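Line order of the protein sequences matches chains A and B. Heads up, the first sequence is in full-length UniProt numbering, so the first residue is 1 and it goes up one at a time. Heads up, the second sequence is in full-length UniProt numbering, so the first residue is 1 and it goes up one at a time.
Among the clues, some could well be false.
[As the list claims (entries may be wrong)] No farther apart than 27 Å at their CA atoms in a straight line, the calculated lysine-lysine pairs in the DSSO-like style are these:
hint, chain 1, residue 1, chain 2, residue 2
1, A, Lys260, A, Lys36
2, A, Lys16, B, Lys36
3, A, Lys16, A, Lys140
4, A, Lys36, B, Lys16
These are computed hints drawn from the structure, not numbers from a lab. Quick caveat, the model's predicted, so the values are computed rather than measured.
Number of protein chains: 2
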Amino acid sequence: MESWVDGQPADVLSLKDRGLAYGDGLFETIAVRSGKPVLPERHLQRLALGCQRLMLQVDMGALEAELRAYAQGLGGGVLKLIVTRGDALRGYGADPSAPSRRILQGSPPAAYPPMHAEQGVRLFPCATRLSEQPLLAGLKHLNRLEQVMARAEWRDAEHAEGLMLDTSGRVIEGVFSNLFLVREGELVTADLSRCGVAGVMRAELLYQAESQGIVTHITDIRLEQLHLADEVFVCNSVYGVWPVRACGSARWSTGPLTRKLQTLARTLLDV
Amino acid sequence: MESWVDGQPADVLSLKDRGLAYGDGLFETIAVRSGKPVLPERHLQRLALGCQRLMLQVDMGALEAELRAYAQGLGGGVLKLIVTRGDALRGYGADPSAPSRRILQGSPPAAYPPMHAEQGVRLFPCATRLSEQPLLAGLKHLNRLEQVMARAEWRDAEHAEGLMLDTSGRVIEGVFSNLFLVREGELVTADLSRCGVAGVMRAELLYQAESQGIVTHITDIRLEQLHLADEVFVCNSVYGVWPVRACGSARWSTGPLTRKLQTLARTLLDV
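Start from the sequences and build out the full structure, keeping to the hints where you can.
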């Protein structure tokens with residue numbers, strides 16, 4: 001399906017766009033099923049928070065209408081939504097009242113091997129660390145060179161994802177996923193106040209787990225804690241939940257809480 | 001003058017470009033005088049280093065030829081050169097052999113008030129800190145949200161530039177400049193191995209100072225050291241050298257070494 005820029009079909013962008021010049025914008029990657037975006041409120045909520053932090057003026061009404069109309073046209077697959085600060089003046093300074101540019105791109109459903117979800121994945125232990133920047137932490141902004149560098153560390157098909165630590169050595173997330181561990185029946189995921197992307201599926205799983213009386217912890221995670229976990233899994237808005245069976249020399253077996261949350265994600269994503 | 005993409009006139013870019021998606025690329029801002037780029041070897045050298053660090057395949061021969069031809073067409077002004085990893089496949093992974101995209105954009109000469117160079121400037125003490133990422137430090141890459149956030153901290157014309165510290169509190173640079181201080185006749189500038197952009201004018205001034213027997217130091221700088229400096233100045237490839245007369249409550253007067261290096265930059269930039 002052809003892309004849209006500000007609600008109009010387009011396949012090109014102004015060379016002056018600040019998204020290109022500075023990565024000055026945000027994005028969302030949204031699963032689409034039966035012509036509808038999955039978890040649209042959570043995606044729009046995160047985007048609105050990002051716009052607030054970056055002081056981006058975005059017409060959220062127009063954006064939501066476009067998102068729903070585009071999803072209907074796409075039917076099924078993955079929708080990428082990008083918001084940029086529009087065209088650049090000279091230099092880093094921006095007109096604070098300038099309206100943002102809205103870009104929608106569609107692609108077919110992701111084709112991950114079913115084995116990833118069934119038997120679990122192996123994580124590549126990335127040497128690329130996440131830098132600590134509280135001002136941008138949690139946001140899905142367009143400055144993603146650390147992820148590009150981390151993803152380039154492995155090319156084999158043995159590793160479905162990579163594990164990223166921050167520059168202080170804390171366990172944070174995957175390259176394109178959030179990470180959870182289970183310890184004595186309780187769910188633990190990294191505090192993302194210094195770095196990392198606060199994923200929509202992560203938020204939904206935390207919410208659902210809490211609703212079912214499961215104790216959850218959002219906290220700093222040391223590598224030793226990860227190694228001692230009973231279960232480990234990664235998640236995102238497109239594939240749902242993948243159990244993690246190995247990372248470097250560490251091994252984990254897939255446990256009941258991972259399967260429970262995986263089923264929940266599957267219901268949402270209809271996969 | 002119209003922009004060029006891969007040597008062809010163009011004013012738009014593919015929506016799939018990884019420069020937009022992830023800030024996956026590099027740029028150079030180059031002064032052009034009498035149809036020639038200023039310090040082209042230094043700009044191309046920094047770009048080549050960046051390409052190596054980011055594993056970007058770029059045709060440096062084609063790039064240099066385009067740079068010189070575009071500068072000739074522009075005559076005078078500022079040339080912005082962007083290199084991106086080209087169009088995206090799905091996700092962060094890239095084809096390691098894919099050729100990069102080359103973008104050239106021209107604009108008229110920068111119109112800064114002559115007072116900045118003559119009487120010196122006041123720096124805004126930015127609250128936005130630079131995060132520490134040795135893998136990307138020194139490069140002029142397209143992930144520039146920290147600069148966008150810092151530049152948005154002030155709007156008044158009293159402040160011509162901002163002062164940026166890193167997350168550990170070290171003095172690093174301006175938002176769009178490098179920073180030097182002079183202490184007892186010696187030249188000091190920040191070590192940029194954890195963050196910051198290793199500017200072309202910074203490199204040229206260090207080289208010229210050393211050639212003239214001036215002792216130079218590339219080292220960590222504490223805020224107290226900045227306050228105790230005899231002279232402070234900022235520099236970049238477009239405006240040359242601006243003396244710094246104030247930052248917050250700190251005051252400096254413009255000294256002889258600043259004026260000497262300013263004259264040198266003026267000769268290069270013909271301003």
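How the hints compare with the structure:
1. A/Lys260 / A/Lys36: Holds - the C-alpha atoms of A/Lys36 and A/Lys260 are around 24 Å apart, at most 27 Å.
2. A/Lys16 / B/Lys36: Cα-Cα ~23 Å, so holds.
3. A/Lys16 / A/Lys140: At roughly 22 Å apart (the allowed maximum being 27 Å), A/Lys140 and A/Lys16 satisfy the hint.
4. A/Lys36 / B/Lys16: holds (23 Å)
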